[in-house]
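Work out the full structure: start from the sequences and follow the hints.
4 protein chains.
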Amino acid sequence: MSRIAFIGLGNMGAPMALNLLKAGHTLGVFDLVKPAVEKAAQAGAKAAATAQACVAGAEIVISMLPASIHVETLYLGESGLLRAIEGGALVIDCSTIAPQSAKAVAQAAAARGLAMLDAPVSGGTAGAAAGTLTFIVGGDAPALERARPVLAAMGKNIFHAGGHGAGQTAKICNNMMLGIQMAGLAEALALGTANGLDAKVLSEIMSKSSGRNWALEVYNPYPGVMENVPAARGYSGGFGVDLMLKDLGLAAESAMATRSSIPLGELARNLYALHSAGGAGSLDFSSILRLLKRTV
Amino acid sequence: MSRIAFIGLGNMGAPMALNLLKAGHTLGVFDLVKPAVEKAAQAGAKAAATAQACVAGAEIVISMLPASIHVETLYLGESGLLRAIEGGALVIDCSTIAPQSAKAVAQAAAARGLAMLDAPVSGGTAGAAAGTLTFIVGGDAPALERARPVLAAMGKNIFHAGGHGAGQTAKICNNMMLGIQMAGLAEALALGTANGLDAKVLSEIMSKSSGRNWALEVYNPYPGVMENVPAARGYSGGFGVDLMLKDLGLAAESAMATRSSIPLGELARNLYALHSAGGAGSLDFSSILRLLKRTV
Amino acid sequence: MSRIAFIGLGNMGAPMALNLLKAGHTLGVFDLVKPAVEKAAQAGAKAAATAQACVAGAEIVISMLPASIHVETLYLGESGLLRAIEGGALVIDCSTIAPQSAKAVAQAAAARGLAMLDAPVSGGTAGAAAGTLTFIVGGDAPALERARPVLAAMGKNIFHAGGHGAGQTAKICNNMMLGIQMAGLAEALALGTANGLDAKVLSEIMSKSSGRNWALEVYNPYPGVMENVPAARGYSGGFGVDLMLKDLGLAAESAMATRSSIPLGELARNLYALHSAGGAGSLDFSSILRLLKRTV
Amino acid sequence: MSRIAFIGLGNMGAPMALNLLKAGHTLGVFDLVKPAVEKAAQAGAKAAATAQACVAGAEIVISMLPASIHVETLYLGESGLLRAIEGGALVIDCSTIAPQSAKAVAQAAAARGLAMLDAPVSGGTAGAAAGTLTFIVGGDAPALERARPVLAAMGKNIFHAGGHGAGQTAKICNNMMLGIQMAGLAEALALGTANGLDAKVLSEIMSKSSGRNWALEVYNPYPGVMENVPAARGYSGGFGVDLMLKDLGLAAESAMATRSSIPLGELARNLYALHSAGGAGSLDFSSILRLLKRTV
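Chains as they are written, first to last, in our numbering: chain X, 1342 to 1637; chain D, 1342 to 1637; chain Z, 1342 to 1637; chain L, 1342 to 1637.
If you're looking for bench data, these hints aren't it; they were derived computationally from the structure.
Be a bit skeptical, because a hint or two may be false.
For chains that are exact copies, the list does not tell them apart, and a pair is met inside one copy or across any two.
To be verified - Listed next, the in silico SDA-like pairs over lysine to any residue satisfying Cα-Cα at most 20 Å (straight line):
#1 LYS1363 <-> SER1343
#2 LYS1587 <-> THR1599
#3 LYS1541 <-> THR1475
#4 LYS1387 <-> ALA1364
#5 LYS1549 <-> GLY1503
#6 LYS1363 <-> ALA1451
What follows is the structure in structure tokens.
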């Protein structure tokens, strides 16, 4: 068992921290939102008043924050956490951020003699609670081996994507694919039903044909086709439109940095942006069907 | 066993006809290309000099033609085949054409007392030769039951999509989804590798994540990731760019007819059109990676 | 002065016919909608009970119909008008239709010894009433010279685009450009104002810079920038979203027929389709700003 | 006449500096590239060994650098130039950079008591040499009045877009519009000629119709339509594809920061990216016609 500092107790971070406690680790926690800290403390974590206090004595530091700017602000600079973390500790950032940011922080960590991994997750809040997240990890293999028992307490699958930042890049590529195929599926189902097909019949045919994909198999966006998916409950829960928008934005930034062409990826980004602009930002991203299906 | 007339002995039609012969059916054949007819005759079919002669006495008429215009010209009008086919026969058109055309021909057939099915296929020339095609069928259930033993001699899966034209619509929707996800996958792999990822590692991660789809599982467009796919042999064989272009064109027509929105579908159409315009029309459609991957 | 038969007295055709009467031509009229015929008769036109009766004795036949199907049905086939029009007459179709249809009808006319022009217009209902339409003409130069005095009674500018169908093609290209630049301008104004710019200031700068275009100069889509444009009156009047959708559909068909790539044109088509699907089909097309401007 | 420090003597900066000398200003210059400094010195400028030395005693500081990162690095931080510029001086940044960067630097300047303007230009190297640039300025009106005589020595038009960063935003919006309408025009001309129209005839018709825009009037992308444009000389000279790509990238960043939707803008970005990826990065941006015009 390890002494772990966990920073960032939001919708994802809080249940991840609980699973570390359940696995028997000693856990210090910090968040700017006090009630989140108190809740974790009630579950057995040690509340810290500052991030600096939180990492004192920790063998492993884990962070789960909203965006690049938060991760950079936390770790870098004069008062950055990298100066407070103890030598030899392992730092694991589970936030989904720009690969360039992940590389910059890992480089700064290395300069301080600290091993670091970028380990963004997929699986959503449900996976976080159930301990079934997927970790897509960037960094050195030895660091990943050290991290493995800890990650295993929070997730089921662990992929090693490559060096620093590769975890972020792989997650961005996967989620861009997801954003494209969900919107593409919504188009296909809207087109088929506008031409008189039954959405369930069409979904069954496509799920056994060359059009099959993850969304068809477990996350159909058309109401009435599947139970227990966001489409069955008015698109509540699930993975929000604005989160997909964020991930497609990271893909666009990544494409611009490498002068790559992602025409479908950026068009998908704009479709989710249009949908969000219409007020659907907090609905599940499969609600993109509503934008694409003619209702007039 | 049935007396079948088979019209259209191209890359797809010829091997389909052979499988009907193997299954023991009595087969008359016709094509405008004489050598194709002779080849089928050598295999045991009865060569006909005209389409009219071919259908004389047939219980089942099957056609496999390039496009809507050919199907309409064959069946409709003063000298159309519907006037020559014997009462009570079943007509099965396996061409991939516009749903509106399929409906128009089926309607004209019904007016002559003939049952008709639209039954476009997927599976390519390999599937046609092996007898493992998928049929996506539109039309009445009783007609499909009559057709089933004959279709089973040429294919493995038979889906009933709905009424007349529904087979075409379902195939169009499926192939639009396929065209989108192949191009989207090419973008994702190009973006990932431009950022330093290994295409094989990234493909493995995505194929076990929410980005997974048919192309990732069996038809990876990135050379070196899979064996026995077009990408492994310079994109030869497979399903041509210009065929994908045709199917996405049918999707666009279908969207215009119903004022549906298929932004990703039409953008994909244009990407394949750009690719074809650059000279890649006869390569496999997974070669869209070449358009999307920066090489300079 | 000529004996003219005018077929199609809709929003555009009716005021065009009136201008021919004002210019002193002898005018026979026909439309399936009786009140439209009566109204023209009250203004001095000779009402005809059928299209056939209308063209009897006419030196010039003009048609103004909604779409390709109507023009083909009117002129072609067993009971088509081309069989009723007197030898030596000139046929002018002012409808906006597919170039292929225009060519097919012109070819059939030529086979009957009739000269034909495709002469689609721009300028809207206001231009039709004021007699200031622009005609974009396809066909032979001698036929155009015969038509010129008649067209001049209805419009101000007459362009000769080329042979049969060229008038349609040129109009389609122009309107595709218009549809793209209006939507592009809406994006630019939405982006600028979202970043704090004043729409009027930004419009002035762009209208004097390399971003300038027709929409910036006379048809600004942002409410408050210009008076006397649809944006100043809740997007009523003007050129409807569904008409732009139709013209972009003709562009897409034309692109598919020639395997051309029009990625921006087809994306614009889908943006207007999304906008129409949201209920804006009868608003002026500059209302695309509403789709593109974030309001949440 | 003023004492001016000019930093950044590239393709744009060098001729701009020369025009300041011609107008009689006292000019100190600095660039990391020594030959550029020597050339300006030969024309009468005072060569400085460092940026810090260059700004000593200057009443006005002008910078012309490639991108946000260079501007931020020059002015901000411990050793940034804002600490070296004399109190009361006016700082004018003519670089095209992100509005957020422009705002951040202006804010830091204000904290040091320095007035600052963002004043990106349009008009290209030809306009820079001829002293006919257009300045699109963001910042306070009094600062703009102080800058006006100096800007007038380098350009012809001066627009005041709004507060800090507004110059950048307005330029970005204008150039996005330009990028869209050039690519849209290329599509329209490619579509028209593929359907048999003459590019010159079509261009004339559109330039007098609702499709008219800056590109049609002075910068036609189709070879043979206009003289003295890049299309007439193999797309050499002019405004490079990679520069348009940079500006569309700034538009995309700006859209992401404000969650705006710019579907056409981002698709245009990807078309130029595809074109650049094919090796056309240094050709004039009107060469996008080559990507869009089918040649096979």
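Right, here's what the structure says about each hint:
no.	hint	verdict
1	LYS1363 <-> SER1343	within (13 Å within a copy, 68 Å between copies)
2	LYS1587 <-> THR1599	both (19 Å within a copy, 12 Å between copies)
3	LYS1541 <-> THR1475	between (29 Å within a copy, 18 Å between copies)
4	LYS1387 <-> ALA1364	within (15 Å within a copy, 70 Å between copies)
5	LYS1549 <-> GLY1503	between (33 Å within a copy, 17 Å between copies)
6	LYS1363 <-> ALA1451	neither (31 Å within a copy, 53 Å between copies)
Checked against the numbered hints given earlier, the structure breaks only hint 6 and satisfies all the rest.
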